[in-house]
Amino acid sequence: DGGITQSPKYLFRKEGQNVTLSCEQNLNHDAMYWYRQDPGQGLRLIYYSQIVNDFQKGDIAEGYSVSREKKESFPLTVTSAQKNPTAFYLCASSIDPEAYEQYFGPGTRLTVT
Amino acid sequence: QKEVEQDPGPLSVPEGAIVSLNCTYSNSAFQYFMWYRQYSRKGPELLMYTYSSGNKEDGRFTAQVDKSSKYISLFIRDSQPSDSATYLCAMSANQAGTALIFGKGTTLSVSS
Numbered sequence: 253d254g255g256i257t258q259s260p261k262y263l264f265r266k267e268g269q270n271v272t273l274s275c276e277q278n279l280n281h282d283a284m285y286w287y288r289q290d291p292g293q294g295l296r297l298i299y300y301s302q303i304v305n306d307f308q309k310g311d312i313a314e315g316y317s318v319s320r321e322k323k324e325s326f327p328l329t330v331t332s333a334q335k336n337p338t339a340f341y342l343c344a345s346s347i348d349p350e351a352y353e354q355y356f357g358p359g360t361r362l363t364v365t
Numbered sequence: 264q265k266e267v268e269q270d271p272g273p274l275s276v277p278e279g280a281i282v283s284l285n286c287t288y289s290n291s292a293f294q295y296f297m298w299y300r301q302y303s304r305k306g307p308e309l310l311m312y313t314y315s316s317g318n319k320e321d322g323r324f325t326a327q328v329d330k331s332s333k334y335i336s337l338f339i340r341d342s343q344p345s346d347s348a349t350y351l352c353a354m355s356a357n358q359a360g361t362a363l364i365f366g367k368g369t370t371l372s373v374s375s
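Protein sequence lines correspond, in order, to chains A and B.
So for the first sequence, the numbering used here puts the first residue at 253; every next one is plus one.
So for the second sequence, the numbering used here puts the first residue at 264; every next one is plus one.
It is worth saying that the hints were derived from the structure and are not from the lab.
These numbers were taken from a predicted model, which means no experiment stands behind them.
A few of these clues could be false.
[Stated by the list, open to error] With a Cα cut of at most 27 Å, we get these calculated BS3-like pairs of lysine-lysine:
hint	chain 1	residue 1	chain 2	residue 2
1	A	Lys309	A	Lys322
2	A	Lys335	A	Lys261
3	A	Lys335	B	Lys319
4	A	Lys322	B	Lys330
5	A	Lys323	B	Lys333
6	A	Lys322	A	Lys261
7	B	Lys305	A	Lys309
8	A	Lys309	B	Lys265
9	A	Lys323	A	Lys261
10	A	Lys335	B	Lys333
11	A	Lys261	B	Lys305
12	A	Lys309	A	Lys335
13	B	Lys305	B	Lys265
14	B	Lys319	B	Lys305
15	B	Lys319	B	Lys330
16	B	Lys265	B	Lys319
17	A	Lys266	A	Lys335
18	A	Lys261	A	Lys309
19	B	Lys333	B	Lys265
20	B	Lys333	B	Lys319
21	A	Lys323	A	Lys266
22	B	Lys330	B	Lys265
23	A	Lys266	B	Lys330
24	A	Lys309	A	Lys323
[As the list claims (entries may be wrong)] For the chain B half of the interface with chain A, some residues (derived, Cβ under 7 Å), not all of them:
hint	residue
25	Tyr295
26	Lys305
27	Gly306
28	Pro307
29	Leu309
30	Thr361
31	Phe365
32	Gly366
33	Lys367
[As the list claims (entries may be wrong)] Between beta-carbon pairs, the in silico distance windows are:
hint	chain 1	residue 1	chain 2	residue 2	range
34	B	Ser291	A	Glu350	20 to 30 Å
35	B	Arg340	A	Gln269	42 to 52 Å
36	B	Glu268	A	Asp348	27 to 37 Å
37	B	Glu320	A	Ser259	36 to 46 Å
In this text, a Cβ means the ideal position worked out from N, Cα and C, and glycines have one as well.
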């Protein structure tokens, strides 16, 4: 089955700890994205990567970091510098950076207390 | 004024009803318009895509774009309980996925 997997589905962390969210795709897509979704808010772009070993900040990158060492993997680290990390995090990919259609993973719900 | 406005609802309708979901936008440069459907605790999936103005139909779903009014709509005919989900509009000025602006989503509930 081709698709995007995110793990874990639910994640709980104490304040002050860094946490890494996993995102893997086997669609052979070049571009990958991380979004944050909060209640009552639209999806907001955190980081995106158009190609391996390259990534760019989105609209709300502060307190987050990413890496893209492999085409199929785009992990997101939520650092202790992120003021309000509790949210639903969605990873997506598209066949190339110019493609409008993005395929989303099932999401990871992060709760920080 | 936010770039994309979407009434969050919730919208509750009986099975078989015609549903109208809408978004307004302020950026006249937007040309690419999309509707995503998101079931609870799942990732969004692309439902409809329209370039520029006009209508597009796919089964029970029709997407309309009125650029002169900066208004887009998604119509669902013969709504089913399985249509219960959050519907997100998204749009961009260029085709790049990095430029997508999403609405907040409208939550729809179809009762049998």
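Pair hint Lys266 of chain A and Lys330 of chain B, alpha-carbon separation not exceeding 27 Å: violated (47 Å)
Straight-line alpha-carbon gap Lys266 of chain A to Lys335 of chain A, limit 27 Å: holds (13 Å)
Distance restraint between Lys333 of chain B and Lys265 of chain B, which requires alpha-carbon spacing of 27 Å or less: holds (13 Å)
Cβ separation of Glu268 of chain B and Asp348 of chain A, checked against the hinted range 27 to 37 Å: The hinted range 27 to 37 Å holds for Glu268 of chain B and Asp348 of chain A, with Cβ atoms some 30 Å apart.
Agreement of Lys309 of chain A and Lys322 of chain A with the hint, judged by alpha carbon distance not exceeding 27 Å: Holds, at roughly 18 Å.
Cβ separation of Glu320 of chain B and Ser259 of chain A, checked against the hinted range 36 to 46 Å: The hint (36 to 46 Å, Cβ to Cβ) holds, given that Glu320 of chain B and Ser259 of chain A are roughly 38 Å apart.
27 Å Cα cutoff - pair Lys261 of chain A, Lys309 of chain A: Roughly 24 Å between the alpha carbons, so the hint for Lys261 of chain A and Lys309 of chain A holds.
Holds or violated: Lys305 of chain B to Lys309 of chain A, with C-alpha atoms at most 27 Å apart: OK: Lys305 of chain B and Lys309 of chain A at ~24 Å, within 27 Å.
Pair hint outcome, Lys323 of chain A versus Lys266 of chain A [Cα-Cα no greater than 27 Å]: Cα-Cα ~31 Å, so violated.
C-beta pair Ser291 of chain B, Glu350 of chain A: status relative to the range 20 to 30 Å that was hinted: For Ser291 of chain B and Glu350 of chain A the Cβ distance comes to about 22 Å; the hint holds.
Restraint status (C-alpha distance of Lys333 of chain B to Lys319 of chain B at most 27 Å): Holds, at roughly 17 Å.
Pair hint outcome, Lys319 of chain B versus Lys305 of chain B [Cα-Cα no greater than 27 Å]: holds (26 Å)
Taken one by one, the earlier hints fail for this structure at numbers 3, 4, 5, 10, 21, 23, listed in ascending order.
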